[in-house]
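Chemist: Work out the full structure, taking the sequences as your base and the hints as a guide.
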Amino acid sequence: MIFDCIVVGAGPAGASAAYHLAKRGHSVLLLEKHSLPRYKPCGGGVPSTVSQWFDFDFTPVVAQTVEHVQFTWKLGDPIEAHLTTPEPMWMVRRDLFDHFLVQQAQKQGVELRENTAATGIEFKGDRWQVNTANGSIEGRYLIAADGAGGSMSQWLGFKATKRRQGFTLEGSDPQGNHIARFEFGLVKNGFISSFPKADGCSISAATLRGGNSADLPKILMEYASKTGTQVTQPPKEYSICVWDGEQPLHTQHAVLVGEAACIVDPITGEGIRPSIYTGVKAADAIDQALAGNTNALAEYTQTINRELGSDMVWAQRIAGLFYQFPGLGYKLLKRPTAAERIGQFLCGQVRYSDVAGRIMKRLSGGLIPGMG
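Each residue of the sequence shown is one higher than the one before, counting from 1 in my numbering.
These are calculated hints, taken from the structure and not from any lab test. All values reported here derive from a predicted model rather than from experimental measurement. C-beta: ideal position from N, C-alpha, C; glycine also. Careful, some of the hints might be misleading.
In silico DSSO-like cross-links for lysine-lysine, where the CA-CA straight-line distance does not exceed 27 Å [unchecked claim]:
no.: 1; residue 1: K124; residue 2: K74
no.: 2; residue 1: K226; residue 2: K107
no.: 3; residue 1: K40; residue 2: K218
no.: 4; residue 1: K226; residue 2: K331
no.: 5; residue 1: K40; residue 2: K107
Restraint-style ranges between C-beta atoms, simulated for each label pair [unchecked claim]:
no.: 6; residue 1: G120; residue 2: M1; range: 14 to 22 Å
no.: 7; residue 1: M1; residue 2: G185; range: 50 to 58 Å
no.: 8; residue 1: K236; residue 2: G292; range: 41 to 49 Å
no.: 9; residue 1: F123; residue 2: Q324; range: 38 to 46 Å
no.: 10; residue 1: T59; residue 2: R335; range: 30 to 38 Å
no.: 11; residue 1: G157; residue 2: L36; range: 25 to 33 Å
no.: 12; residue 1: E299; residue 2: P217; range: 41 to 49 Å
no.: 13; residue 1: T232; residue 2: D354; range: 21 to 29 Å
Modeler: The following block contains the structure:
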């Protein structure tokens, strides 16, 4: 059998693409190297706005909803903000959330092959052959959704990506409330987040502008100790592909989605919402390509660079100043609307381009007398 599309990777991007392609009547094979559900080191914060792209209810896999955000500087000087939208941010466990998306795709007719890692690919004139330990499969189109640590993008001929490292631990939540916490000052060029879940919390740390990540597990454990968190699962490492400028996201009969496309927010480290968005848009593009639109994949690259990339450019600039002078940046969070604005970014309500000019002016104003 030749599938209309083979999707390599069953994370949020791959599962979303598979769902929407199958819903349009296409034959889709979803390859996943692990057995589902599988643990995924991740804070697990998801803007509820992702529901706009689906016609099913996510309630079964929403572990917690967050109504407040708290920021601290070296565990002190707290700033709090109330998130004003209904269910502004979901907290999920990635093993359950990702598997749920895959199950919805299967209901649309997607064929899932678990424990099946891609070992190589080859273009056969008008289709892709994906090789696995269990044999080869052919598809007219190919979606690379194997994440920051995957090999698909390189096999497809794209430039090597800059991968940063993060760590996540699981523990009890001694505060026991619906607050998402962000700690600055303990991690150079990054931050610590603590997201509540129904039975505990996920605490993550990452460097978003380079720097040494070797100390992150130790920093995480110290943070857990000082906040009274009982660690139930020690720090697990994961890779992050932060947006690093516009780039082609398509090639012959193939596209990149999710972290394979480097769509992680350079400020907040958030990647689930943009991953799902790329999956949805990739499905649109391949549906059009299968219908005969020869420009559909190029238009996909243009759409992602326009809708996500243009905003990420501003995020990069803000992050460059904020993480270079984090103490100053933290002081600016004390402005009356600043913390609430960060919450709006996290919830997908506000784009960086909407407010970047003011943010850059205030950050620069703290460095240059007479500005701000």
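Chemist: Hint by hint, note whether the structure agrees.
Modeler: Taking the hints in turn, this is what the structure says about them:
As the CA atoms of K124 and K74 are separated by approximately 56 Å, the hinted pair breaks the 27 Å bound. The straight-line distance between the Cα atoms of K226 and K107 is roughly 45 Å, outside the 27 Å bound, and the hint therefore fails. A hinted pair counts as satisfied when its Cα atoms are at most 27 Å apart, and K40 with K218 qualifies at roughly 20 Å. For the hint pairing K226 with K331, the CA-to-CA distance comes to about 23 Å; that is within 27 Å, so the pair holds.
Straight-line distance between C-alpha atoms of K40 and K107 comes to about 23 Å, which keeps the hinted pair within the 27 Å bound. The beta-carbon spacing between G120 and M1, approximately 20 Å, falls within the hinted interval of 14 to 22 Å. Checked against the given bound of 50 to 58 Å, the beta carbons of M1 and G185, roughly 55 Å apart, stay inside it. Take K236 and G292: their Cβ atoms lie about 45 Å apart, and the range 41 to 49 Å holds.
Evaluation of the 38 to 46 Å hint for F123 and Q324 yields a pass: the beta carbon distance comes to about 43 Å. Range check, T59 to R335: about 35 Å between beta-carbon atoms, so the 30 to 38 Å window is met. The supplied range of 25 to 33 Å is met by G157 and L36, whose beta-carbon atoms lie about 29 Å from each other. Range check, E299 to P217: Cβ separation about 43 Å, and the 41 to 49 Å hint holds.
Our hint of 21 to 29 Å for T232 and D354 is violated, since their Cβ atoms are close to 40 Å apart.
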